[in-house]
Each structure stands twice: as structure tokens, then as C-alpha cells.
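One letter stands for each residue in the lines below.
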Amino acid sequence: MSLGLRGILNRHNALLSGTSACPGCPENMALRMLGMGLGKDVVLVVVAGCSSVIQGNAPYNAFNFPVVNVAFAAGPATASGLARAYKQKGKDVTVVVWAGDGGTADIGFASLSGAAERNENILYLCVDNEAYMNSGGQRSGSTPFGAITSTTPEGKKENKKNLPLLMIAHNIPYVATASVGYPHDYINKLKKAKQVQGFKYIHVLTPDPYGWLFDPSKTAEVAKLAVQSCYWPLFEYHNGKLEISPESLHCLDKRTRRPIRDFLSIQGRFKRMSEQDIKILEQYIDDMWKKLESML
Amino acid sequence: MMRKIISGNEAVALAVKLARVGLTGIYPITPQTTIIEVLAEMRAKGEINTEIVRVESEHSAMAATFGAALAGIRSFTATASQGLLYMHEMIWWVAGSRMPIVMVVGTRAVGAPWNIWNEHTDFTSERDSGWIMAFASNPQEALDLTLQGFRISEDERVFLPMMVGMDGFILSHTKTNVLIPNQEQIDEFLPPRRQPYVIDPEDPVGMGNIFPPEEYMKLRESIDNALKNSEDVIREIGKEYSRDINPLSDYSTLNVKYKLDDADYAVVLMGAWAGDAMEAIDSLREKGIKIGMLRIRYLRPWSESEIRNWLKDKKAVLVLDRSTSFGRGGPLYVEIRSTIGDLVPSIKGVVSGLGGVTVSKNDLLYLFNKFVEGFKEDVIWYYPREVGKIEFRTPRDIE
Ligand code: SF4
Numbered sequence: 220m221s222l223g224l225r226g227i228l229n230r231h232n233a234l235l236s237g238t239s240a241c242p243g244c245p246e247n248m249a250l251r252m253l254g255m256g257l258g259k260d261v262v263l264v265v266v267a268g269c270s271s272v273i274q275g276n277a278p279y280n281a282f283n284f285p286v287v288n289v290a291f292a293a294g295p296a297t298a299s300g301l302a303r304a305y306k307q308k309g310k311d312v313t314v315v316v317w318a319g320d321g322g323t324a325d326i327g328f329a330s331l332s333g334a335a336e337r338n339e340n341i342l343y344l345c346v347d348n349e350a351y352m353n354s355g356g357q358r359s360g361s362t363p364f365g366a367i368t369s370t371t372p373e374g375k376k377e378n379k380k381n382l383p384l385l386m387i388a389h390n391i392p393y394v395a396t397a398s399v400g401y402p403h404d405y406i407n408k409l410k411k412a413k414q415v416q417g418f419k420y421i422h423v424l425t426p427d428p429y430g431w432l433f434d435p436s437k438t439a440e441v442a443k444l445a446v447q448s449c450y451w452p453l454f455e456y457h458n459g460k461l462e463i464s465p466e467s468l469h470c471l472d473k474r475t476r477r478p479i480r481d482f483l484s485i486q487g488r489f490k491r492m493s494e495q496d497i498k499i500l501e502q503y504i505d506d507m508w509k510k511l512e513s514m515l
Numbered sequence: 160m161m162r163k164i165i166s167g168n169e170a171v172a173l174a175v176k177l178a179r180v181g182l183t184g185i186y187p188i189t190p191q192t193t194i195i196e197v198l199a200e201m202r203a204k205g206e207i208n209t210e211i212v213r214v215e216s217e218h219s220a221m222a223a224t225f226g227a228a229l230a231g232i233r234s235f236t237a238t239a240s241q242g243l244l245y246m247h248e249m250i251w252w253v254a255g256s257r258m259p260i261v262m263v264v265g266t267r268a269v270g271a272p273w274n275i276w277n278e279h280t281d282f283t284s285e286r287d288s289g290w291i292m293a294f295a296s297n298p299q300e301a302l303d304l305t306l307q308g309f310r311i312s313e314d315e316r317v318f319l320p321m322m323v324g325m326d327g328f329i330l331s332h333t334k335t336n337v338l339i340p341n342q343e344q345i346d347e348f349l350p351p352r353r354q355p356y357v358i359d360p361e362d363p364v365g366m367g368n369i370f371p372p373e374e375y376m377k378l379r380e381s382i383d384n385a386l387k388n389s390e391d392v393i394r395e396i397g398k399e400y401s402r403d404i405n406p407l408s409d410y411s412t413l414n415v416k417y418k419l420d421d422a423d424y425a426v427v428l429m430g431a432w433a434g435d436a437m438e439a440i441d442s443l444r445e446k447g448i449k450i451g452m453l454r455i456r457y458l459r460p461w462s463e464s465e466i467r468n469w470l471k472d473k474k475a476v477l478v479l480d481r482s483t484s485f486g487r488g489g490p491l492y493v494e495i496r497s498t499i500g501d502l503v504p505s506i507k508g509v510v511s512g513l514g515g516v517t518v519s520k521n522d523l524l525y526l527f528n529k530f531v532e533g534f535k536e537d538v539i540w541y542y543p544r545e546v547g548k549i550e551f552r553t554p555r556d557i558e
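Same order as they appear, the protein sequences are chains A and B. Quick note, the first sequence lines up with residues 220 to 515 if you use this note's numbering. Quick note, the second sequence lines up with residues 160 to 558 if you use this note's numbering.
Since the hints were made in silico from the structure, they are not lab data. The reader is advised that the hints may include incorrect statements.
30 Å max Cα-Cα, derived BS3-like pairs, lysine-lysine [unchecked claim]:
#1 A:LYS308 - B:LYS204
#2 B:LYS204 - A:LYS306
#3 B:LYS416 - B:LYS529
Work out the full structure, taking the sequences as your base and the hints as a guide.
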């Protein structure tokens, strides 16, 4: 991590050497920052996905936290049981569900929604690489309109499911979005979430070189472009109040947004998009910002 | 110790209370519902400290129960039918994690079509999941086996979860006299929880990440060994339970005999209809027919030695299944054939009582008589009443 982060770090190394992640893996980045934000006394519940593989082969484990790997749809409920048990034992443990977009938007949504409705004292992290990357890049409910995936070779025909807004609708105390391109922002949100009692949801955009088709050296750059082009909003919702994070404030005025084409053209997955398609995606982004603005 | 007239579900809830369960994941499904309702009531009245997680599905009920167990507290859940099938994935996950948990299944038919009544198919369909599987034949046994379940599953020679089956409605809702142990007895009987590992930040272990093939297979073998080892553990714990807690029942064996030792003919079955079967056997005995019964109390571990020993000199064996293994008769029939096929010249099967079909003492008397006379078919589907022709619609012709 860059020197600039030193001051805000919790010195817990979340990743040991020997992960089996691909080069340039955004989930590795997100996990390393998780350790910086939360420190020790963390238990990770990892649902099926890249992160259940990145750890490496048992009996070794490259995650420097206790990890429970569970079936796809079981993360939030397993974490509920763990969190309640620690409370009963009088232990201060931050229980984190670490799930991809498939586990969150699709198969695990009922379990996520249930745990949020019960306001369980857990932190849910969605690492969103916008497809089922671990099984070869199939579309998920979180894949954006127009993106080529291995099950939408012609480009996806539906818009991305807006999970952060759905979680706000659950009336939980804390919802935030983040991007691995902006570590300060993400780590600060993690630190804040750690102090909040009840259900916390943080959705991190994790651009994946292999599914998004860009050079693995560019992960952070793509993650920044997503924010700069206002495709991915950074905000925080705390105690019923929405606040746009500084990195995204320029998006409130359409004129100061960076063109979406800058974000689209740096990756291969949008190459089948027509002019008409780009307009549809732009409309989605406009609508999202209008919605966010109306909530301010 | 005291006696009370209660239902099977109430008996189970009392067992959960006596075991000082730390957490239970609950989701309603008939006919298990009143177990969790009674527990919620107890919690509201402050009679128990059990944490109750009211989850949004059975899949999550098992997951929440699993989570609490991982963190080191005693946990319990209950379900039935579609609910059991819905948690199937987590049932395997828990067994593969070698995590002690106790679950009660109020057995019920599985759809389609909908049917809320009793059948054992939900229960038997989990027989290869790596759980210890006991089956009660009355509310007393439901209570006793649930209590023993915590001790057995938390024994270091076992470390496997355990489920206790109980006939839906027939046992879950019928009130009978039940002997209820007192708290001191159970505190003595159940030592503090033991488990193979605890998920805790003080000891950062990883659970469930990728296992290389040989290691994975070794783990499967360890489950196989643990299940086999549990046979002795169950006898040992059962003996202690009968001695110290319920002297009226004998838990020193896995399965149960009734007038079997001198019998020429044996009936094998599992669950609540054992009561009617014993009455039918008494009637036949009065007529001089030497018939007896072997009641399966543990579907897993399957005590090959007990079953072979008890049935080896019989002329013929009849297996009653309240569940199906389509195309193969019933699961018990298949198991019994593979256990004593080389010892007993004639093994017949009857599938009946599915979806709540009532099988009375007289029906069993009729069946046992027919069996002693010797029926030709290997397995028959028995309907106690005349059933008219049922029309299933065929696909319409396409013009
Ligand atoms: S596919 Fe993507 S998310 Fe998965 S390990 Fe590789 S880079 Fe990381």
C-alpha cells in the first residue's frame, strides 16, 4: 500500500503470502484494506466465490483472520449465529460476511435481507466484480447493461441491480459504497462501520481484469475511472442520512462528470455496445444520481 | 423427576431447556412448529436464556445454528418435510465441518403435491449426509434421544451432528405421560460443550477452504469412522442415561427388540407404528404364532452387528417402510436386505402409511398374517382401505 496510507492504518496484515489470486486481483486489494480498517478481533464468513479459493489449499490459509467458508446462500445467517454467540460469551468480535456480487444480489439475497431486517450486529461486505468470476465470468444480477459475460456473449440486456439502495430501504443503520481505487475512503468507512451497532453494509466495487478485460496492472485505475465517470457512486448512509463522499461530489452536476466512454473504453467487456446502448447506460446513471440527489 | 402429560413437541422443547441450549435458529413448518413456539414462549417468560434467531428460511435456520455452534455454544434447531429439504445443503455442510448440533425432525410427507401428514421420507432422504440419525417411537423417547443427542454429538469420539426423527402429528401433537428429568440430573449428565475446534479471533483457524483431493477423501473417511465409532458411544451413553435418568426405558442398545428372541418371524420397522405392531404381535402370539419385532432406533449408525445377531435365525423377515426409495421398495427394506440377505431365506417388504394414510392395529394384523402365510411379491404397497381408481391427467393431444 502506498506510503500515504500509513497514518490511518490499523496494523493488521489481513493477507499472508501465498494466496492463489490472479495477478491484479481487486479482491486481494479489498481484503488487505479490510485488515487496515478493522484491525484484529475479526471473524470472516466467506461465501462461495473467488475468495473461498484465494485463501489457498487447506490446511494452510492465507487469510490472517479466522475464516468460515460456507455455502453460497448461508453467509448472513451463519454470521448471525456467530455474532449472537460472541455476544453471549461477552466477546467483542466484528463478524464480517465477505461475499461477491452473485452471493449478494442473487442466491444469497434472501439471507442478506433477513439478517438486515433483524438488524444483526454484523458487517456485510459485498465485493462486486459484476459477474460470477470464480466460475468463469457468467452474468449476475449485478452485471451492468451492455457487458459481455460468458452467458451474455451479446451483452447483458438488463440493468445492474442497485444493491446499496436496496439495503438503504432495509432501514439499517449503516450503508456505504466504496471502490478499491480509493483506499482512504474505503478504510475510513470500514472504521466507521466498526463503531456502529447493528447491521452494516458496505459495497465495494472490485474491477476484475479477467472478467472486465483490461490489463492486470490497471485495476486501481479502472476502479478510479468508475468513480470519476460517476458510473459508481461513493456515498455513506448513516442514521437515516445520505452523504455523497468527496470523490463523488462532482457527479451531482452532470456537466462536471467525466464522460462514461472513458470508463467503457478502457475495458473489453463493453465493446459490443452501440451508440444506442451507451445512451441506455447513461440514462441508468442519470436516474441513479437523480434518486441519490432526491435523498440528500 | 416428575411426570407430565405433554405432546412430543413439548417434550422436545423441554429437552432443549434442560440441555441449556445457547442458541436455536427457528423457522416455522408444520408439524414441527409448536416446538419453536414453546421455546419462544419460554424465552418470553424468562424461563430460558436460549438465544432465539427468527430467521427467514430453513436454510438460514441451519446456518444460524451452525454459526453459533462454530463460536462454541450448544445449538439446536427443528424442521420437517420441505424445510428439511430446503436445508439439505447446510445439513451436509455441518456434517462436513464435524460440528456438533442437534436437530429434531417432525417427519412429514414431501411434495408435490402438498401433504402435511406423516411419512418418513424427508428423514430417510438424509441418511447419507453424515449425521447420526435416531428415530423416536413416543414422546418420551423424543425427549430422551434429544438429550442424549447433545452428549453423543459432543463426544470427542464422534463430533458429528445428530438428528432425532419423530412421527409428525402422531407423536408431535399427541399428549402422553412423559417422565421429565430435573435440571440437576441433566447438568450432571451433560458436561460443558466440547467440539473439535472453535472459531475465535484468539486462534485464527480457517474452516472449509479448498481441500486437495486426497485430504478431502481422508476427511470423508474420518466421518465414516466417526459414525462407526459412535455405535459404542451411543450404547455407553444410553446405559448411563437409563441408569441415572430414565430407568423405565432401556437405551443400552441402538435398536429395540420385542418378543424377538424366540420368534420364527420378525417384523422390522421404525417410529410410532411400533405401538400398534406390538399389539398385533401380542394377538398373533395368543394364537401360537411365534412372531416378534425389531424396531430401528438408529438409522445411522446402522448397527450391522445387532441386526444380524437379532435376525440371524429367523425363518422370514418383514420390513415395514413409511417412506420410499422409488423402484427399490423402501429404504429400510433395502438396508435390511443388504444386512441379512445371506442369513434369512425370505425378506419381504411393505410400503404403507405414506402421506398420513392411517395404518391400524387391524391392518398390521392382516399384513402379519399374510406374511406368515407367505406372500409372493417382494414388496407390496398396502392401502388399508379400498381406494377407487385415481385418474391422473395425461397431456392433451396437440392439434
Ligand atoms: S477472477 Fe478476478 S476476483 Fe477472482 S481471483 Fe481472479 S482477479 Fe481476483
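Okay, the hints, checked on the actual structure:
| no. | hint | verdict |
| --- | --- | --- |
| 1 | A:LYS308 - B:LYS204 | 22 Å, holds |
| 2 | B:LYS204 - A:LYS306 | 21 Å, holds |
| 3 | B:LYS416 - B:LYS529 | 22 Å, holds |
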